[in-house]
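Trainee: Sequence:
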Amino acid sequence: MTDGRTAEDGSGLVPTSSISAVKGVLNMLASLEPEPGDRVGEIGTGTGYNTALLCERVGEKNVFSKEVDGTLAARAREHLSASVLPRRLARVPRPSGRG
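Numbers given in the numbering used here equal positions in the sequence shown, counted from 1, plus 2.
No lab work stands behind these hints: they were computed from the structure. Keep in mind that the hints are not guaranteed to be accurate.
As the list claims (entries may be wrong) - With a straight-line Cα cutoff of 25 Å, these simulated SDA-like cross-link-like pairs (lysine to any residue) come out: (1) LYS68 to VAL27; (2) LYS25 to GLU37; (3) LYS63 to LEU31; (4) LYS63 to ARG79; (5) LYS68 to LEU28; (6) LYS63 to HIS81; (7) LYS25 to GLU44; (8) LYS68 to GLY43; (9) LYS25 to ARG79; (10) LYS68 to GLY26; (11) LYS25 to GLU58.
Put together the whole structure using the sequences plus the hints.
Mentor: In structure tokens:
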């Protein structure tokens with residue numbers, strides 16, 4: 003995923019997100035050991051895939067996810083609303099400095 007802006011060749015200008023391999027995501031979540039009712043904060047919603055898995059495990063009301071990229075946040079909100087849970091997805095301003 004990119005920042006949504008386009009260069010003359012039609013490609014995005016700045017990469018802002020990627021999705022990890024499904025096995026990697028599942029291993030990460032298994033290591034986290036989330037339990038129903040746990041409260042989870044996620045930085046970098048991306049596609050919303052991990053957010054949806056967390057919501058399924060701990061409950062929609064217990065997950066708060068932030069995304070700095072407005073285009074990604076909008077897409078994640080669409081993905082989540084088509085499945086479960088957009089209510090606690092926030093877009094936060096991009097920090098002024100990078101890195």
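Trainee: Each hint: holds or not?
Mentor: Hint check results:
1. A hinted pair counts as satisfied when its Cα atoms are at most 25 Å apart, and LYS68 with VAL27 qualifies at roughly 18 Å.
2. For a cut-off of 25 Å, the pair hint linking LYS25 to GLU37 stands: about 20 Å separates their Cα positions.
3. Distance restraint check for LYS63 and LEU31: the Cα-Cα separation of roughly 18 Å lies within the 25 Å cut-off, and the hinted pair is therefore satisfied.
4. Between the alpha carbons of LYS63 and ARG79 the distance comes to roughly 15 Å, so the proposed pair stays at or under 25 Å and holds.
5. Between LYS68 and LEU28 the alpha-carbon distance is near 20 Å, which keeps this suggested pair within the 25 Å criterion.
6. Restraint check: the Cα-Cα separation between LYS63 and HIS81 comes to about 17 Å, which is no more than 25 Å; the hinted pair holds.
7. Between LYS25 and GLU44 the alpha-carbon distance is near 19 Å, which keeps this suggested pair within the 25 Å criterion.
8. For the hint pairing LYS68 with GLY43, the CA-to-CA distance comes to about 8 Å; that is within 25 Å, so the pair holds.
9. At most 25 Å may separate the alpha-carbon atoms for a hinted pair to count; LYS25 and ARG79 meet this at roughly 23 Å.
10. For a cut-off of 25 Å, the pair hint linking LYS68 to GLY26 stands: about 21 Å separates their Cα positions.
11. Simply put, LYS25 and GLU58 have alpha-carbon atoms about 17 Å apart, close enough for the 25 Å limit, and the pair holds.
Consistency note: the structure conflicts with none of the earlier hints.
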